[in-house]
Each structure stands twice: as C-alpha cells, then as structure tokens.
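J.: Start from the sequences, fold in the hints, and give me the full structure.
Chains as they are written, first to last, in the numbering used here: chain A, 1 to 317; chain B, 318 to 618.
One thing to keep in mind: the hints can contain errors.
Stated by the list, open to error - Chain B regions said to be covered by chain A (calculated; three or more residues, Cβ under 8 Å): (1) 400-412; (2) 420-429.
To be verified - Partial selection, computed: residues in chain A whose CB lies under 7 Å from chain B: (3) Val112; (4) Gly115; (5) Val241; (6) Met245; (7) Met280; (8) Leu281; (9) Met288; (10) Met291; (11) Val292.
Calculated from the structure, these hints are not laboratory results. Even glycine gets a Cβ: it sits at the ideal position worked out from N, Cα and C.
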Amino acid sequence: MRPAVLVYGAAAVLLATCPLYLNAYWVDVLNSVGLYGLLALSLNVILGDAGMYNMGHAAFYAVGAYTAAILNTRFGVPLLWALPAAGAAAGVFGALVARPVIHLRGDYLLIVTVGVGEIVRIALVNDVFGLTGGPNGIFGISRPEVLGYRIRKPHEFFYLIWGFTAASLFLLYRLRHSRFGRALNCLREDPVAAEGSGIDTGRYRLGAFAIGAAWAGMAGSLYAGKMTIISPESFSFWESVVIFMIVILGGSGRLAGVLLAAFLIVGLPEVFRGFASARMLVFGLVMMVMMVVRTQGLFPPRPRTFGLEAGEEGGER
Amino acid sequence: MEQFLQQLTNGLAVGGIYALIALGYTMVYGVLRLINFAHGDLFTLGAYLGMTLLVSLGLRDGLGPVLGVAVLAVMVMGLVGLVGALLERTAYRPLRESPRLSAVVSALGASIFLQNAIMLVYGARFQVYPQDVLPRVAVTVFGASVPLMRLLIVGASVVLMGALYLFIQRTRIGTAIRAAAIDQGAARLMGIDVDRVILIVFLLGPALGGAAGLMVGLYYGQINFTMGWVYGLKAFTAAILGGIGNIPGAMVGGLLLGVIEALGAAYVSMAWKDAIAFLVLIGILIVRPTGLLGERVAEKV
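T.: Rendered as structure tokens:
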C-alpha cells in the first residue's frame, strides 16, 4: 500500500469516529465543514477542473436550498426526496444563466457571476413569485428522514452530510478521470489546442457549469434540512467568496486539498472563537500570508499525464 | 420634469463617486491584470479617516466650510494613498509571478483584513458624519430645486477626474503608466521602472477612492464598515462597463451607471435598484464583451 492511501485511510477513520468523542458543538462545526467541503467540491468542477472563474456560486446553493424548502413546506415533499429536484433546479438554472456568458474571458466571467449571485439574492429578498418569503425567508422546513427515522441531532446529521460528501468525493473523482473530465482539463490548460482536437468547448464548459451548479443545489437542500430555516442572508456574496477561497487554497483541482482547505477555512476560525472580535482580522491576514507562502495552494496541481507515462494508475496520486 | 432633474443630478453625484472608485480598479487592472478586491475597503477607510479628521481637527472652523473640506480631502487622499501603496508592497508584490487566482485570494484576504481593522477601531455600528459641514441649501436648476452639496460633489469628482486625466496624458509618469499598461516587458526595456509605476498606481487609485469615501460620508451623513463591498462592486461594474483598463471608460461607466441606477430606482423599482447595475452589466457584456470604450483583448480565447 502506498503511504498516501494510508494517510487518507487514517484521516477517514479519524473523521468517521469523531461523533463518538466530540460534543454536539464541535460535531456541528464539522457538519458545517462537510457542507462547505461539498460546496467547494461542486465549485471545483467549474473553477478547478474547467478553469472558469465563478464567484457567484452561492446563487446555485440558494436555488437548491429554496427549491427543497418550497417543495417541503408547500407541497409536503420529504426533504431527501426534494434533494434530486433541488439539484436539477440548480443545474438547469446554472445552465440557463451560463448560456449567454459562457464564452466570456476569465475576469469578465468572474464579475458576471458576482452579478448573478447578487441578482439572485436581491430576488430572494424581494419575494419573487411570492414563494421565497422575502427577507425573513422560509421557516418550518421539516428535518430529513432516512428509512422512516427522523434526523435531528448534530451527531446524526454528521453521518448524513459526510456520507453525502464522501459519495460526492468518489463520484467527482470518477468524473474528473472520465472522458468528460479529461476533456475539461485539456480545455483549461489550452483552449485553443482543445478546440483543435475536436472538443466542443462551449458544450463542455456549459456541462461543467451545470454539474457544479447541480451539486451546489443538492448541498443547498441538505443545508435547508439541517437549519429548518433559510433566508437570503445565508446566500450572500460573502458565501461565494468563502467557497472560492476554499477551492483556491486547496490548490484548485486537488480534491483532497479542497477538503483540507474546508477544514482550515471553516473549522479553524471556530477554534479561535474566544477572540471573537479579532478573529476575522487574523483570518484575512492568514489568507494573505498563505497565498504568499503557498501560491499554488496547499496541494499544487500536478501536470496530468493521462496514463501515458505512469501506466494505468496515471493521473492524480 | 422636476423629479427627472432631481434623479438625474442625484445619479450624476452617485455616478461621480462610482467613477472615482472605478478609476482605482481600472488603473490597477490595466497595469497588473488584477482585480484589487481590497479597493472598496480603502474607499471605506477614506470615509472613516475623513470623519475622524473632520471631528478632531476643526478645519472647517478655521478655513471656512469649502476650503476646510478641500484641505481635509487632500489629507484623506494622502493617507489612503499611503495605505494603498503599503498594501501593494505586502499583499500583491510577492505574488506578481504567481498564478492569477492566488493574487485574487490575497486581495480578498486584504479586504477582510481592512474591513475588520476598521470595525475593531470604530465599532460595528453606523457612524454619523457631522451634519453641518457644508451649507445645506438648494439651488434652482431649470425650475428644479437641487441640493448644493450634490452639485459640489459632481463638480469635485469632475475636477479630480480631469486632474487624473491630465496627469496620465501629459506627465512623464503618466506616460510611463500608459506604457506599462500596454506592455510591461517592453516598458521595462525602454528603461521604465515598472515597480515604481505600479507603486504610483497604487498611490493614485486609493487616493481617489479615499476622496470618494469622504464624499459619501458628507453626502449621506452616515457610514458603515461594510459599505466598501457594495460600492466596490458597483464601481468595478462601472469599470467593466466602460472597458476595463481604460481610464476615460471608467469615468463614463461610473457616471452612466449612477444615472441608470437613479433613474431605474425612480421609474422602475426601488427594491430592485441594486440589481439594475448588474443586469446592465450582463446585458452590455453579452452585446459588447470589451465594454463601451474597451479596445484591448489580450487573453487567449
């Protein structure tokens, strides 16, 4: 067994047994880490794999959360049944939004996605279609049920959220090593060459956007079930920035790095709650220092070999 | 007609403020291809420093309101410019050769740092500017009564923009800035100290942003440590609207955005006011991806 496998395995076991010896508060912090990890994994498809700057990811998170919440409170759909619908709604929304702007270059796309995020937030505040509840949001969302068992405690949510995150990690890992994922990588590294080798860049970009958005939407429905109340505040520009930072700090494209960065960015500030007021000041400083010290992120992306040089196991190790 | 003129002048005042902030974004972007996310917070810093100096120095009593505020503005611009230059040295210069997104995250970190530093010093609540700084009288323009302060703000931002334009077009340093924006490597070969150019850009941009912060404080009477995000985003939108990297573009974009927003708020919907700016932006980018006055497309695909 390679050492990396051992390290990952040990980390997974350590994480999985956390609820046995941590109190409800810290388990809840880990639940947040899991949700942000999931969101960062979803953004990673767009930002890390396809190299498209998206700083409005909270919009898709919001569409998913509101879809699940509306289905649940108005139509009595159980939360976990609403999860795929939330994913689908966010995915379709992502594709529709991205369609006219997908050809824009890096920074332009970044600022357009910021705009989309703000427009969605303002729409939620203004109670569009009379469904979103305005500034107060939606409350009374029922907690998710698994096989008739209602999940209430943080310890139980831990396994729901991290189970979903683990499954996503596996699926998104498969995705990036699929034909689709390899094409995206090509496209990120050299769009001209990708176009030249017959990759339909527009369609692949749109696909990556839709998948990333859909995943964020599913994370949104889990968030709705965890909180039982959602409001536009939870989906501000700041949310998008945090998710963006996690992906870059993780070393965009490296899935393990992205999860580790979620721990650092979401979990670590909780450790310093004692210094509540100066906490964010230090956080900003740390982000600056981190970038100066490790400009490529914690796990720098490696050149992909596509199995040509390293045999069947090629690619990410 | 009266309401239209009211909204138009209000839009021009707000637009002038957007334009001043947008100039900082566009100059930094022009030379470094970096979105300086901390720029909005430098604007906030200008508003807070202005308030402190206004309260503590008593300039308006000694020099009279208009001259006092002008001296105050120069001091605020100098201080904020220095902070901007300091920021460049610590947060951006070490990342000059790094992947572009690392610098973006560093900029976001700097923004969070500045915002929270301001909050720790001044507290999280809204701060109120002294009310009687400039005479609160109204002027009649084509039959509509318009507050004098509004006209002063429009005038001051036009003067500042004009000064910057002349500086960029007529002086040696301005020429160096323009050269570095076109091609850093070539500028270096011509003997231009590009590091110094970048430092000057980081002095000038934040100085203008600081002046805008002071104007917002005087105009609206209250300020908050988080206001830099909203103004920063709007101003950046204005910079893109006019064509990022293009200095006259930022001026036009800012004024246009302010007017569109004010008219939109009055005639379309107040609640959607903040969304209008972004809708305009997306619309423009779909039709004309380089912005209204943009020319350069240097990136591949």
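J.: All hints, please: hold or fail.
T.: Consistency of the hints with the structure:
1. 400-412: Since 4 is at least three, the answer is holds.
2. 420-429: That given contact holds, which follows from 9 residues of the stretch 420-429 of chain B lying within Cβ reach (below 8 Å) of chain A.
3. Val112: holds (6 Å)
4. Gly115: holds (3 Å)
5. Val241: holds (6 Å)
6. Met245: With a closest approach of 6 Å, the Met245 (chain A) hint holds.
7. Met280: holds (4 Å)
8. Leu281: Leu281 (chain A) check passes; min Cβ-Cβ to chain B is 4 Å, inside 7 Å.
9. Met288: Holds, about 4 Å.
10. Met291: holds (4 Å)
11. Val292: Since chain B brings a Cβ to about 5 Å from Val292 (chain A), closer than 7 Å, the hint holds.
Checked against the numbered hints given earlier, this structure breaks none of them.
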